[in-house]
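Trainee: Using mature numbering (1 follows the signal peptide of the UniProt record, and there is no 0), the letters of the sequence shown map in sequence onto residues -23 to -1, 1 to 299.
Calculated from the structure, these hints are not laboratory results. Warning: the hint list may mix true and false statements.
[As the list claims (entries may be wrong)] Cut-off 20 Å, straight-line C-alpha distance, at most; resulting in silico cross-link-like pairs (DMTMM-like, lysine to aspartate or glutamate): (1) 234 <-> 256; (2) 51 <-> 74; (3) 51 <-> 37; (4) 252 <-> 240; (5) 151 <-> 280; (6) 150 <-> 71; (7) 150 <-> 37; (8) 178 <-> 110; (9) 234 <-> 96; (10) 150 <-> 66; (11) 252 <-> 280; (12) 151 <-> 66; (13) 86 <-> 110; (14) 51 <-> 66; (15) 86 <-> 114.
Model, not experiment: these values are computed from the prediction.
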Amino acid sequence: MSVALRTQLFLFLISVSLRMGLARYIEDNEASDGLYSLLSLAQKRESEDFIFRRPLRCLDMLATDGLFTFVASKPQLACAAFIIAEPSEVISLELSDVSIDCSAGDFIKIFDGWVLKGEKFPSNQDHPLPLYERYTDYCSSTAPGATSRSSQNVAMIFFRIHSPASGFTLAVKKLYNPFPCNIMSQSPEGSFTMVMPHQRKNCSFSIIYPVEIRLTELSLGQAKSNELSPQRLAWSGCSGSGDYVELLGGNGVDTSKMFPVADLCFSLSGLAQMKIGCDNSVVRLVSSGNYINRVSFQYRLLEHNELPKARENSLENFCTVE
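Construct all of the structure, not just a fragment, from the sequences and the given hints.
Mentor: Okay, here's the thing in structure tokens:
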């Protein structure tokens, strides 16, 4: 992810947090003053039914539910909106009030995932659908609108509109996902647990920052031990076990093109950690489908003086960030 796009994401999330904080401050103070007793039942119902609305920009980042309307003021030939949810959510998208001319070259396409610098997240290897099924094309649809539901917590929409005053409205809704898989983290710090219950599936947790990752628990079906010594943190050959965790680093979003930092195919009880000085750091859980696999980890942003140097830990081509 580019610095500009990453900055835009952070600014948007900060603005959302500030609005949420202000709303909670007002709520707490009004409640303490007894002002809520003045609200009628109708007013309360109207508040509960509130739908967030705002214009959609040609290049945009969306991290909240709502209705987003785009109206072209001039020809817009290369537009995209990136949508991100919480790790335990998937995204429902629906188009309405569409006024574009498909015959003139206009289009609106929804993508199940993200495309950045020509790379896709999740990768073709990790996504449950073939690539052609990940696109929803409004101009190819026979229905009056187009709907799509993502397989993970990110999705995006591409659009091209030639005529001024043409446009559409995009409805964004978040839905709970009991078994999150292929997650893009909104934050450079946090913790998460991935669980894969008897499914032949690969799941990645992608952190678009250089971070330190600490594995706090690893339970694999083919584990032979409950302990993992520091000397056995990284080695080759885990891919043959069918159930393992790998740590990846790279400067793109396609996990199949990233550098393998470590493979872990023995259960872990305790703490194992590694610094990954890349634009993108990934914890990837590979499951054969024969077992219930689980990995828990914490991550934090590396300070500049902590960034690994090239060939640290005897790993060639290791990422460094200037």
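Trainee: Evaluate each hint against the coordinates.
Mentor: Tested hints:
1. 234 <-> 256: Status holds; Cα separation ~13 Å.
2. 51 <-> 74: 19 Å, holds
3. 51 <-> 37: OK: residue 51 and residue 37 at ~17 Å, within 20 Å.
4. 252 <-> 240: 14 Å, holds
5. 151 <-> 280: Violated - the C-alpha atoms of residue 280 and residue 151 are around 33 Å apart, more than 20 Å.
6. 150 <-> 71: Answer holds: residue 150 to residue 71 is near 9 Å, not above 20 Å.
7. 150 <-> 37: 16 Å, holds
8. 178 <-> 110: 18 Å, holds
9. 234 <-> 96: The hint holds at about 9 Å.
10. 150 <-> 66: With Cα atoms ~10 Å apart, residue 150 and residue 66 stay inside 20 Å; holds.
11. 252 <-> 280: Between residue 252 and residue 280 the Cα gap is close to 11 Å, so the pair holds against 20 Å.
12. 151 <-> 66: 6 Å, holds
13. 86 <-> 110: 12 Å, holds
14. 51 <-> 66: 35 Å, violated
15. 86 <-> 114: Judged against 20 Å, a Cα distance of about 5 Å means the pair holds.
Hints 5 and 14 from the list above are not met by this structure, while the remaining hints are.
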